[in-house]
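Participant: The chain contents come next:
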Amino acid sequence: MQVQNPTTESVTPNQCPLCAQQVPGANRMVGEVLSCDGCSAELEVVGLNPLRLEEAPEVEEDWGE
Amino acid sequence: MRKVDLVYTRVRTEEKLLLEALRRRDCAVNMVADSGQVLSVDRQRVSDADTVLMRSMSFTRARYLATFLELKGARVLNSARTISLCGDKALTCAALAAKGVPMPWAFVAFDEDACLDAIETKGYPVVTKPVLGSWGRMVARLDSRSAAEGVLAMRFGTGGAQDHVALVQEYVDKPGYDLRVYVIGRAVGGLRRRSEHWVTNTARGAVPERYEVPVVHAKLAEAAAEAVGGDMVAVDLLETRGGDLYVNEINHCVEFARSIEATGVPLPDLIADYVVTGAGGGRG
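Chains as they are written, first to last, in the numbering used here: chain W, 1 to 65; chain U, 1 to 284.
Simulated from the structure, these hints should not be mistaken for laboratory data. Bear in mind that the values here come from a model prediction, so they are computed numbers and not experimental data. Watch out, some of these pointers could steer you wrong.
Think about it this way: if two alpha-carbon atoms lie no more than 25 Å apart in a straight line, the pair counts; the simulated SDA-like pairs of lysine to any residue are [claimed, not checked]: (1) K16/U - V30/W; (2) K16/U - L51/W; (3) K16/U - E60/W.
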């Protein structure tokens, strides 16, 4: 199976797109969800090397258990 | 070394814990984003993994991916059949009824007036929920004809054909909580979800607490899992104030981040053990 490596419009690498807090980039995975230490926003890793982050997407219609 | 494809929508706490648990068992884990998959409709294999652990948050993607990966010879946990049944609450009810598993009475209806007439015959209150909904969204308790008219007008007046199915269930007067039993091949533990609100999803603020699963609850949960062919599922139980016990819903992509501390059930390890041992091989 192919492993996806999405490319999207993004913000300054290694920073929270909402508050510019630096986010540690080691051992991250594309698709990983993390919480910003600066503003507690839920972020999603959308690119690696450099680390690129976006605000995690809104809940979609068919998500969840 | 066992090879596992872990299919995900987002790498949440659950997926991180599962990844770690699998790696502790010397598994080679390939993280596979569901959004990037393109699968030809044929029997050509796409992976040499022993098992695909389906952790897609999207019911739609999980159902199709599992279907086509199975076509290509993969062992998918949970299976496409289980995902299809659990992801659609009306089909879950049908599968439970087929096996005689106790649940709240329920009916499906496809027309606003017919549905309203049936509710009036049964009497209020009742619960209606979208067949494909999740996390307690758009679940409504109908206490009166006027409430039913409003909700049903929206149910049948908006959305597409898939939305124009009303699943109506008996309202069960719970004693302030519902119960969740995890079945990983067998019942392995559970939690009680306490809330002042009649909706008791932890995603909606219910507080998880420890719950020692009695044998009778474990057997009921295992029967429910068997009815949908589930290898690793979370079975939601409703207990009435009179002591009756019903299966309410079955979840095929078990979420546990909000409750793992409260339950003390090592779900990531139990799931990883199940994957590694190759247990099950599909119940249904």
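Participant: Is it true that the CA of K16/U sits at most 25 Å from the CA of E60/W?
Facilitator: holds, 21 Å
Participant: Can the restraint linking K16/U and L51/W be considered satisfied, given a maximum Cα separation of 25 Å?
Facilitator: holds, 18 Å
Participant: Quickly compare the C-alpha distance for K16/U and V30/W to 25 Å and report which way the hint goes.
Facilitator: holds, 12 Å
Going through the hint list in order, the structure satisfies each hint without exception.
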